[in-house]
Structure formats: C-alpha cells, structure tokens
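There are 2 protein chains.
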Amino acid sequence: MRENEIAQPGTPEPGSRTRRRFDLQEAIAILRRTPAVLDAWLRDLPGGWISAHEGGDTWSAFDVVGHLIHGERTDWMPRARMILAHGDRQAFEPFDRLAQFAESDGRTLASLLEEFSTLRQQNLRDLASLRLTEADLDRRGRHPALGTVTLRQLLATWVAHDLDHLTQIARVIARQYSDEVGPWRAYLRVISGTQG
Amino acid sequence: MRENEIAQPGTPEPGSRTRRRFDLQEAIAILRRTPAVLDAWLRDLPGGWISAHEGGDTWSAFDVVGHLIHGERTDWMPRARMILAHGDRQAFEPFDRLAQFAESDGRTLASLLEEFSTLRQQNLRDLASLRLTEADLDRRGRHPALGTVTLRQLLATWVAHDLDHLTQIARVIARQYSDEVGPWRAYLRVISGTQG
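Heads up: the protein sequence lines correspond to chains F and Y, in order.
When we follow the working numbering, the leftmost residue of the first sequence carries the number 1, and every step to the right adds one.
When we follow the working numbering, the leftmost residue of the second sequence carries the number 1, and every step to the right adds one.
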C-alpha cells in the first residue's frame, strides 16, 4: 500500500475485506467507542470477573483499564505531538507497561472507567484539533526499541491496541470457565487457544 | 471441581483468580451485558469495519451478530429445555453454524443488534423463570457430537461463547491494520496471533 494515497472513508479496498487502508475518521470511530464498550461490559460486573486473570503476572480486566488510562496519559497523543514537534530526532519516552499496578491501587473500577472515558474524549478532541493532513501522517518519529515509525503507524496502533486489550479481557474472563464448559472446550477457541 | 458444590456469588475461589466455579447469577451478569457491548461497539461504525473479515469463509462482525441471533433462537435455551424435559435420552438438534448467511441477508446491522438484544432479554427471563437448582444444573443431556454434557456445562458454554465471539470481532477489525501498524505489529498479539 502506498502511504501517500488518500483513503476514502467508508470505501473498502476493491476486492479486499481483509485489509483497510488507514483512514483517520475510521480510526476515530473505533477509538471513541472503546470507553462505552468497556463501560457496558465491566461496570458493576461481579468482582470475581473483574479481578480474574490468567495466572502469574498476567492482567485482569481491572489492570487492563488502568493500562489504557496510562496510555492515554503518556503514550498516544504525547508521542503524536513529539513526532510533529521533533520528527525522528528524539526517541519517544519508553512506555511503562506496569505503571497501572501502582496508579490503580485502591481505585474502584467505576472511577477508572470514568477516567479512561474522560481522557480518551480529551485526546480525541486534541487529535481533531491537529487537523492532520496525509503528509502529516507520513511524518516520522523514533521509537526507542522499534526505530523509525510514522504518525500513521502510531495512530493505527492506537486502534489495534484497544482491540488487543478487548480480546484480552474477553479471553481472561472466558478462561475462568475452562473447566466448567466440559467437552465444549474443544469448540471454544477463546479457551483452547486456537485462532480460527 | 465437584459439580454439586454450591458456588457463592461474588466470592472468588480462595487463592485462585484463574478459574471460577459456575454460578448462575455471575453467568447471567455476563450474558445480559453482551447486547449492550455489541451495540456500543458496532452501531453506526463505518461499513468497512462491519463487513471486514479474515479472508476465505471467515466471518465479519455482521456475520457474528447473525450467528449470535441464531444461537438465541435454536441453541442455548432450546437445549436447556431439552435437558430438563428429556435428559440424555434424546440428542440435541445439531446447531447450524452457517444459518446466519441466509437469515441476515438484506438486513441492516442495526436491526440485527436490536433482534439480538430482544431475544437475549427474553431468553434470560425464561432462564430465570426455570428457577434452576444445583441439582438441575447437574442434569445431563446428549450433544450430537460431544456426547454427555450437563446443563451447567451448557450454560457455562453460553457465557464463554459470547466472549469467544467478542474476541473474534476485535481480532477481525484489528487485523485490518496488520500492515498499517508497521513495526508495532510485533507488540500486538491480536495481529501477530500469539496469546500472552
């Protein structure tokens, strides 16, 4: 895909339903829904579902919401601004994947959901105010581990990262019933680990 | 796990956050949220996201909602009633995993979301009206392929099946950006296919 092509919102690639060209409005359509999805899913859910995890140092739904908050504060928009201000001359601050364990300590899930929603709305307002052009989306930054990346890749990753953590929450909760589903386990890819 | 133990709602297994004993009220808490999760996520989303799939005969979000509707009509509660009425003397009707392609044809996503919500609410009312006891949950039925199953396993599978398809929708949409995320692909399990 040529990165300087202008994507037409809502128009799929001819003949393809497996890849979409990055389109800012389509990306925002996903990003602005995530807080409402999490709220509909997790608010007032019995505590055992919220604190469930996959063993060891894996994350619960509670941990994931804290991680998403930390991303709103330190990752996506700060990095976008850094690309626009400094290009690839200065590497992004490394992202702290464990920050939520201290930051969420003693919080309620409801307050985390509200904070995430507020931060996401503000970040999407800030994103809109940048009035990014296709040329802006091609601008380059420097990731401390991955090297050169573009603003377009950063924003596409913001979308995919939301969805990654939605799959994680569903998986963590579903696997609580790994034994309780009995022989149906063979049909449930979320439990068996196969991806179909 | 002993199936005749009575689970205490909201009380995690001591020392375990990786498995939960089946508890009807906890299961219902998940089941009743799924229509609102799908609505918050998919309603009015740009069409390209809704029709996106993973190639070949894989399913889109649109297809998944149709599949969930077919399950409400023919799978979960009809099978629960069959266990209560006939035990394992009569096998369940096989479930048609492809029914949604004909049934959803020409429908809008909004109408599918509304139908799913209506059916789910009705099914959960019907489930509550059964006033199932722990002994009922131990009752056995016969799956046409898997053999003997219990009502408890059927209801746990209903929950896990919802979550399985939520992971599927997130994965299908995220993978549209498999190329657009660039080097971040390595960090996105939903795209790379690894499960962490």
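Among these hints, one or two may not hold up.
Reference listing, derived: stretches of chain F covered by chain Y, where coverage requires no fewer than 3 residues with Cβ under 8 Å from a Cβ of chain Y [what the hints assert, rightly or not]:
#	segment
1	53-63
2	73-84
3	99-106
4	121-135
5	170-176
Examples of chain F residues lying across from chain Y (beta carbon under 10 Å, computed) [claimed, not checked]:
#	residue
6	R17
7	F22
8	Q25
9	W41
10	W49
11	A186
If you want the ones that stay clear, here's a sample from chain Y, every Cβ over 12 Å from chain F, calculated [what the hints assert, rightly or not]:
#	residue
12	H86
13	A128
14	L132
Keep in mind that the hints were calculated from the coordinates and are not lab data.
Each residue gets a CB set at the ideal place from its N, CA and C atoms; glycine is no exception.
To see whether the hints hold, each was checked on the structure:
1. 53-63: Coverage by chain Y holds for the segment 53-63 of chain F (5 residues, Cβ < 8 Å).
2. 73-84: violated (count 0)
3. 99-106: violated (count 0)
4. 121-135: This one is violated; 0 residues, fewer than the three required, reach chain Y with a Cβ under 8 Å.
5. 170-176: Per the Cβ count (6), the hint holds.
6. R17: holds (5 Å)
7. F22: Holds: closest Cβ of chain Y sits about 4 Å from F/F22, inside 10 Å.
8. Q25: holds (8 Å)
9. W41: holds (5 Å)
10. W49: Interface hint status for F/W49: holds (7 Å vs cutoff 10 Å).
11. A186: For F/A186, the interface hint holds, since the closest Cβ of chain Y sits about 7 Å away, which is under 10 Å.
12. H86: Per Cβ check, Y/H86 is outside 12 Å of chain F; nearest 19 Å; holds.
13. A128: Label holds. Min Cβ-Cβ 16 Å, cutoff 12 Å.
14. L132: Fine: 15 Å to the nearest Cβ keeps Y/L132 off the interface.
Hint check: violations occur at hints 2, 3 and 4; the rest are consistent with the structure.
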